[in-house]
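Those protein sequence lines, which keep their order, are chains L and G.
The number in my numbering is simply the position in the first sequence, starting from 1, with 31 added.
The number in my numbering is simply the position in the second sequence, starting from 1, with 738 added.
FYI, nobody ran anything at the bench for these hints, they're computed from the structure.
All residues carry an ideal CB built from backbone N, CA and C; glycine is no exception.
Some clues are possibly wrong.
As the list claims (entries may be wrong) - Mimicking DSBU-like on lysine-lysine, the simulated pairs with C-alpha atoms at most 35 Å apart in a straight line are:
| no. | chain 1 | residue 1 | chain 2 | residue 2 |
| --- | --- | --- | --- | --- |
| 1 | G | 825 | G | 798 |
| 2 | L | 261 | G | 884 |
| 3 | L | 157 | L | 104 |
| 4 | L | 297 | G | 798 |
| 5 | L | 283 | G | 1043 |
Said to hold, decoys possible - Label-pair distances were calculated between CB atoms; the ranges are:
| no. | chain 1 | residue 1 | chain 2 | residue 2 | range |
| --- | --- | --- | --- | --- | --- |
| 6 | L | 94 | G | 891 | 17 to 25 Å |
| 7 | L | 60 | G | 883 | 33 to 41 Å |
| 8 | G | 910 | L | 169 | 53 to 61 Å |
| 9 | G | 773 | L | 132 | 26 to 34 Å |
| 10 | L | 79 | G | 757 | 37 to 45 Å |
| 11 | G | 883 | L | 113 | 54 to 62 Å |
| 12 | G | 813 | L | 56 | 36 to 44 Å |
| 13 | G | 847 | L | 236 | 49 to 57 Å |
| 14 | G | 820 | L | 49 | 50 to 58 Å |
| 15 | G | 829 | L | 97 | 22 to 30 Å |
| 16 | G | 892 | L | 295 | 34 to 42 Å |
One letter stands for each residue in the lines below.
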Amino acid sequence: MASLLQATNISKEYVSGTFLKKRNLALKEISFSVEETPPSITCIAGESGSGKTTMARLLAGLLDKSGGELLYKGKSLNKMNSEEKLTFKKEVQTIFQDPFEVYNPFYKVDHVLTTPLKKFGITSNKSDSDKMILSALEEVGLRPDETLGRFPHQLSGGQRQRIMVARAFLLRPKIIIADEPVSMVDASLRATILEELKLLREKHGISIVYITHDLTTAYQVADNILILYKGYLKEAGSVEVVINNPQHPYTKLLVDSIPQPDPDIKWGKLDISATQELLETPGVGWRNS
Amino acid sequence: MTNFALSVENLKVYYHTSGGPVKAVEGVSFNLSKGEKLGLVGESGSGKSTIALALMRSHKPPAIIEEGSINLGQTNLLDLSEENMRKTRLSGISMIPQGAMNSLNPVARIRKQVVDALSDHSFKFKKAERETFLRELMESVELDPKVLNLFPHELSGGMKQRVCIAISISLKPQVIIADEPTSALDVIVQRQVIETLSKVQEELGAACVLIGHDMGLMAQFADKIGIMYAGKLVEIGSVNDIFKNPTHPYTRLLIESLPDTKGKRPLIGIPGLPPSLLNLAPGCSFCLRIEKENRKEIPWVEISKDHFIQKCDICSDYGKVKTKK
């Protein structure tokens, strides 16, 4: 059976300048796949500049890759006709990092919920769409009377991000790509939002690609993890194995830098400066091609 | 007669809005000895950044310090004239701002920005002396002295934050206030910045207040932790006391909600929303979150040596059953 999303040796190069082209390789030959059954949570982790957001945009079809092949249900993104593309856009939903920027401040928050329903032709009937919105909000644990009919600035960051989760869920997607969904949310609300993502997987069979730099939440939420470093895939495998027994020096450094909420476990004494070694050590772990 | 580097007593900061006063900081007191590191933890809107601004006296109207005192050594900062306060900033008490990205001037080289601060405090150097001073300053925060010739956009986030640390320690202050210095950085850079901050703070022997919401970071950095909730300090104690024996229900929930890598378990968030600080009723504000009410004055109770909580009779056992399981 074809995988839901399958990436084979995908690369992305950003080119700038007219004559003296400056090339910046953001992703280098990365292969992995997300299966439809059983639904899984895949984490992509790495530091700033490791290419994780580029990865998210490629997977969501917001950016075009420079090389390799990206298949959705066995079909290449570039070869889809407009109808298939619309299905792809409906079934692959994204949640972005910043719950402040995604809203248009002039519209009430209802706008982000009603527009996709109309756009994808799910329903144009007011009472139907209201019913769907209410159930989606309840699914993410928001009280509709506290959220609907308000402007974005009247809601907290956590509430806004949860509306985004509700919006993604509203379209009954097959896969949600969450690009650092909790990095701008308070620590106390992080747990709630991540628990909702886990629930979407368990109750509704939605696969999730969770992009983060925080390995503790990755460990709690995800099944599989990919560690990116400067655009290269450095380690991959199940979270338990990768985090509790890291093999690649970069993964070791990442795991060692987790600020453990326990005053007895202090940061180790790993050397941060050996970047060349990190780059040269080849990737380890499971490869899904 | 106190021997504390920083001693804050009953500090109250209100924002005066048309709807009434917003009590952002309501009666906060703490003491810090020389070389001690305090972590102030709280969620957005708990008043932690307002404390940072008030300590520097750089709060702006509608924020007004209503009451209290901020003693830096023997001087009460609230009694100083504006001009003397200006001189005290950076030389007595300095601040590392939250967004390093936005706190440096994008069109000036790093050298100029560091020297600016020095000359503003009438430091006169001969050229050669100045260069040695700047080089040593950069080396103390583990940056290459070449960074001095660069513009902020040529530096990474972590480097910019270390430049900010360098500026804040350039006049050897007794107290350093760091307001979420690593909130926009990833784990490895965060660790580098925090380790640099610890190192320079120990070398200076300065007291340090680290403000943030990441309990993991606090466990790594602080000696003492203060938990803020709805403008009030609700629990304060040593790192070990807070993590081993969290007593206030909010602290307990905060620590329980932290993800770790010791085994998978359901993530538990803190239920409810923090109360609005506008016209907040007197009494226990955590009770409001769990839909209870206690309007009485909440007393401070000493749990063990130097470990205090605001003990409310109604909510103090909230969520306790879960922890004992």
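Here is how each hint holds up against the structure:
no. : hint                       : in the structure
1   : G/825 to G/798             : holds, 18 Å
2   : L/261 to G/884             : holds, 24 Å
3   : L/157 to L/104             : holds, 33 Å
4   : L/297 to G/798             : violated, 39 Å
5   : L/283 to G/1043            : violated, 38 Å
6   : L/94 to G/891: 17 to 25 Å  : holds, 24 Å
7   : L/60 to G/883: 33 to 41 Å  : holds, 38 Å
8   : G/910 to L/169: 53 to 61 Å : holds, 57 Å
9   : G/773 to L/132: 26 to 34 Å : violated, 41 Å
10  : L/79 to G/757: 37 to 45 Å  : holds, 40 Å
11  : G/883 to L/113: 54 to 62 Å : holds, 58 Å
12  : G/813 to L/56: 36 to 44 Å  : violated, 56 Å
13  : G/847 to L/236: 49 to 57 Å : holds, 55 Å
14  : G/820 to L/49: 50 to 58 Å  : holds, 53 Å
15  : G/829 to L/97: 22 to 30 Å  : violated, 53 Å
16  : G/892 to L/295: 34 to 42 Å : holds, 40 Å
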